[in-house]
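Residues 133 to 444 (the numbering used here) make up the sequence shown, in order.
Keep in mind that the hints are not guaranteed to be accurate.
Unchecked claim - Distance ranges between label pairs, derived from CB positions: (1) E331 / P289: 36 to 46 Å; (2) A294 / G355: 31 to 41 Å; (3) E258 / G350: 51 to 61 Å; (4) R200 / V346: 19 to 29 Å; (5) A420 / E205: 36 to 46 Å; (6) R395 / D245: 27 to 37 Å.
The hints are simulated quantities; they were obtained by calculation from the structure and are not laboratory data. Using N, Cα and C, we set each Cβ at its ideal position, and we do this for glycine too.
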Amino acid sequence: MIGTPHASAPVLAAYSYCEAVTGQQAGNFSYGIRLLPTAKRRAMSALYAFSRRVDDIGDGPLDDESKRLRLEETRAVLGRIRDGDVEEDDTDPVAVALAHAARRFPIPLGALDELIDGVQMDVRGETYETWDDLAVYCRCVAGSIGRLSLGVFGTVPGARDAERASEYANTLGLALQLTNILRDVREDAANGRTYLPSEDLAKFGCSAGFGSAVPPEGADFTGLVAFEVRRARALFAEGMRLLPMLDRRSGACVAAMSGIYRRLLDRIAETPQAVLRGRVSLPGREKALVAVRGLSGYDARSVHRQTARGRA
133 MIGTPHASAP VLAAYSYCEA VTGQQAGNFS YGIRLLPTAK RRAMSALYAF
183 SRRVDDIGDG PLDDESKRLR LEETRAVLGR IRDGDVEEDD TDPVAVALAH
233 AARRFPIPLG ALDELIDGVQ MDVRGETYET WDDLAVYCRC VAGSIGRLSL
283 GVFGTVPGAR DAERASEYAN TLGLALQLTN ILRDVREDAA NGRTYLPSED
333 LAKFGCSAGF GSAVPPEGAD FTGLVAFEVR RARALFAEGM RLLPMLDRRS
383 GACVAAMSGI YRRLLDRIAE TPQAVLRGRV SLPGREKALV AVRGLSGYDA
433 RSVHRQTARG RA
């Protein structure tokens with residue numbers, strides 16, 4: 133088993149694999165973790181690579197029964213990591229890297245069980261009547277990532293309200309996931325999935341779904357998007373209270389990822405029907421600029437100003 137935090141050659145190779153996966157597939161996530169010191173960046177890459185594996189099973193071409201089997205196999209790998217049964221020469225580099233990261237940092241591995249639970253909800257084709265129902269799903273697939281990340285970041289000694297750090301990390305995850313849901317309404321509809329709460333769809337006349345580039349006849353799609361954007365912004369404002377509890381580089385990482393998603397949310401708010409024509413995204417240069425500003429301009433006072441504006 134991997135017995136010490138020291139990174140041997142096989143462990144370093146496993147981390148390199150995870151960093152390659154992250155660089156190729158992580159998109160917005162990768163811009164934030166570039167700001168972290170090496171050990172934390174490697175740990176976050178291991179978390180991403182494992183999470184990517186889980187997501188790919190849920191989104192892949194397998195039939196539902198095969199997906200369920202693969203997810204349980206992945207849960208078994210997680211159990212081996214938790215029990216310390218992963219050797220440095222294991223053939224699974226993601227397991228090797230994550231096992232090492234979990235020994236170096238107090239990562240709450242149970243949150244990865246929640247991620248698997250959330251993807252199983254996708255496989256079952258669950259829909260959500262209310263925001264409270266959807267929030268359970270969002271906690272599993274995104275709040276879990278916030279809490280896992282906090283295990284790597286840690287909090288600064290003496291941070292005020294540090295006992296609420298996990299709550300705020302979870303809330304940021306919900307904000308990011310709701311932004312993703314708004315961005316992907318057309319793509320999800322094409323895959324037979326609807327995430328927005330049924331009661332919200334009914335309220336704005338959108339229960340017919342999003343199968344075309346125009347809203348359903350008589351629907352107030354702009355009103356629906358504005359309603360969900362306000363909810364996401366309130367979640368961001370609450371979750372951003374986490375930032376003063378983090379060290380500068382961890383805080384900059386979170387600020388960068390949150391900033392990218394908040395800009396994306398602004399784009400969606402400005403042109404709601406754009407999400408029905410395709411995936412709304414930010415140019416790479418704009419993402420990089422947000423990330424650089426996160427490292428050079430992050431400070432607790434700016435965070436307090438941002439959260440105050442979000443609550444207004």
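Right, here's what the structure says about each hint:
In this structure, E331 and P289 meet the distance hint of 36 to 46 Å, their C-beta atoms being roughly 44 Å apart. In this structure the hint that A294 and G355 lie 31 to 41 Å apart at CB holds, the actual value being about 39 Å. Our hint of 51 to 61 Å for E258 and G350 is violated, since their Cβ atoms are close to 27 Å apart. Between R200 and V346 the Cβ separation comes to about 36 Å, which falls outside the hinted range of 19 to 29 Å.
Between A420 and E205, the C-beta spacing of about 37 Å keeps the proposed range 36 to 46 Å intact. Taking the beta carbon of each, R395 and D245 are about 32 Å apart, inside 27 to 37 Å as hinted.
The structure shown violates the earlier hints numbered 3, 4.
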